[in-house]
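*Asks:* Residues per chain, in single letters:
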Amino acid sequence: MLELKGVCTYYGNIQALWDVNLTINQGEIVTLVGANGAGKSTTLMSICGAAALRRGEILFEGQPIHTMRPDKIVRLGISQVPEGRLIFPDMTVQENLDLGAYLRRDTRNIARDQEMIFDMFPILAKRRTQAGGTLSGGEQQMLAISRALMAKPRLLLLDEPSLGLAPIIIRQIFDIIRQVNKEGMTVFLVEQNANQALRVANRGYVMETGRITLSGPSDELMANPEVRKAYLGV
Amino acid sequence: MADIDWHYFLELLVSGVTKGCIYALIALGYTMVYGIIELINFAHGEVYMLGAFTGLIVAGVLGVMGFPETGILLIGGVVAVIYCSAYGFTVEKIAYKPLRNATRLSPLISAIGMSIFLQNYVRIAQTQDFLRYPNLIPDFAFLEPISDILRPSGFVIIVTSSLVMAVLTLFIKYTRLGKAMRATAQNRKMAMLLGIDSDRIISATFIIGSALAAVGGVLIASHTQQINFNIGFLAGIKAFTAAVLGGIGSIPGAMLGGIVLGCCESFAAGYLSSDYEDMFAFAILILILIFRPSGLLGKAKVQKV
Ligand SMILES: Nc1ncnc2c1ncn2[C@@H]1O[C@H](COP(=O)(O)OP(=O)(O)O)[C@@H](O)[C@H]1O
Ligand SMILES: [Mg+2]
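Chain order of the listed sequences is A and B.
Mind the numbering: the first sequence is residues 89 to 322 in the numbering used here, read in order.
Mind the numbering: the second sequence is residues 236 to 540 in the numbering used here, read in order.
Here chain A stands alone, though its shape is the one from the complex:
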């Protein structure tokens, strides 16, 4: 479904990604784990067209997307829940959700999807008219995920959704990730929290200083002594 081939991304003259190769198949949950500063967010931004590649290509369903504008990429069915959630603080929960569906015109389905999201996160329905900036960290993460889901993506990119959240909220968020995946959405999950991430994912990639250093099925990675030492703290 998504393929990165030899992707090199720079910030000015500083190279952040070095020849990144990565594949995500339809229906999978794939995770990308790595330490802070490894280049995980840059990978997601490159996919979304928010960071320009200098070399390499990105194919979505065989179609090159690395030269497309970000709005075109969203239209194709890729949505990102960015690191730090980036909720619009002065807009209500409802308005944040509306903006998730910005490119959609099918008003009736939008309303139905929103009902589904409120079933998933009832707290958001309660907070509907509250400004996004007044929500707790966990609620903001739920809103950020919901906002991305409102675009009805086929590929959902999540950047460290567990960052800074209480364990009970993290569990809830990972349950939702499993649930939307079961309903057919492909998920690319970026995490520092390798333990949790590898447990929900089918496959994983390990990134270090802008390079993919390891990849394989999740259980294999979890059994790998290097991964255990570096990321699982055992």
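Heads up, some of the hints might be wrong.
[Unchecked claim] Taking CB as the label site, the calculated pair distances span: (1) ARG335/B x ARG163/A: 18 to 24 Å; (2) TYR409/B x ALA213/A: 57 to 63 Å; (3) TYR356/B x ARG163/A: 38 to 44 Å; (4) LYS534/B x ARG163/A: 46 to 52 Å; (5) ARG216/A x PHE244/B: 44 to 50 Å.
Calculated directly from the structure, the hints in this document are not laboratory data.
Don't be surprised by glycine CBs; every beta carbon is placed ideally from N, CA and C.
Following the hints, position chain B with the ligands against chain A.
*Replies:* Okay, now just chain B with the ligands, sitting in the frame of chain A:
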């Protein structure tokens, strides 16, 4: 205690609100543009001046053709709005868009350059003398009893500005484009990730701001009944003051700031001396910048990372 001359007070208040409405209309353009791209668009006052000139030219043509005054005012206003919108759109594309990723100073200098260019362009293409503006505003019979407080032109200014600002507020709050504009102002990167094309939002912002300035230009010219190429300069700086006073980036702030500034000026001129009128605006600007840079309704500035 001395008796308060309420009649005089009311007169000053009304004249302050009238002027304040115009400041507010122009201030909205400053504040909206700043909200989205953090640029002080110094050429904005010139768009207001161009609006007044467009109105004058339309009035000249239609006057010869024998149109009624109210019709001329309406058509002049509409033409000015269209013309200035196109101007605002073009100025952004020419002077600011190429500098989107430059240092912050570059577009600012470009804005000042654009302002000087537009002023001189009108000075050469038109004239540097003051031009008489036709009286396009009819006498309203119901204003007769209070004619010494509220002139018909003041009435039209207050009513039109209020309407325009109400429509703008509803537009920003409820429409898809309005929401996208707010989203882009709050977090451009996130807006982009949701598929909002920031170039289009920026263009829309310039177009709307310029349209509001055009309305202000036509209204004020019909009120003072004279214009020249230079009117945009002072009005622009005062409207900028109003935007800062209200809290730059805040739409209700620009409206409030405009009215407050207009009234302050009017009272200063009326109770102190009219010599202080312009000085007062700049004194206010400096005081806010020192003591409350976030303005009346603005938020304390959070440094964006
Ligand atoms: N906007 C930016 N400008 C310059 N360098 C950046 C920028 N964003 C990230 N970097 C650098 O790129 C590298 C990868 O960062 P990032 O992708 O955010 O890593 P991660 O998400 O894995 O923590 C880091 O060295 C970081 O300092
Ligand atoms: Mg990151």
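*Asks:* Please go over all the hints and tell whether each is borne out by the structure.
*Replies:* Now for the hints, and whether the structure bears them out:
1. ARG335/B x ARG163/A: 18 to 24 Å: Because 23 Å falls inside the window, the suggested range holds.
2. TYR409/B x ALA213/A: 57 to 63 Å: The hint (57 to 63 Å, Cβ to Cβ) is violated, given that TYR409/B and ALA213/A are roughly 21 Å apart.
3. TYR356/B x ARG163/A: 38 to 44 Å: holds (41 Å)
4. LYS534/B x ARG163/A: 46 to 52 Å: The hinted range 46 to 52 Å is violated for LYS534/B and ARG163/A, with Cβ atoms some 33 Å apart.
5. ARG216/A x PHE244/B: 44 to 50 Å: holds (46 Å)
Checked against the numbered hints above, the structure violates hints 2, 4; every other hint is satisfied.
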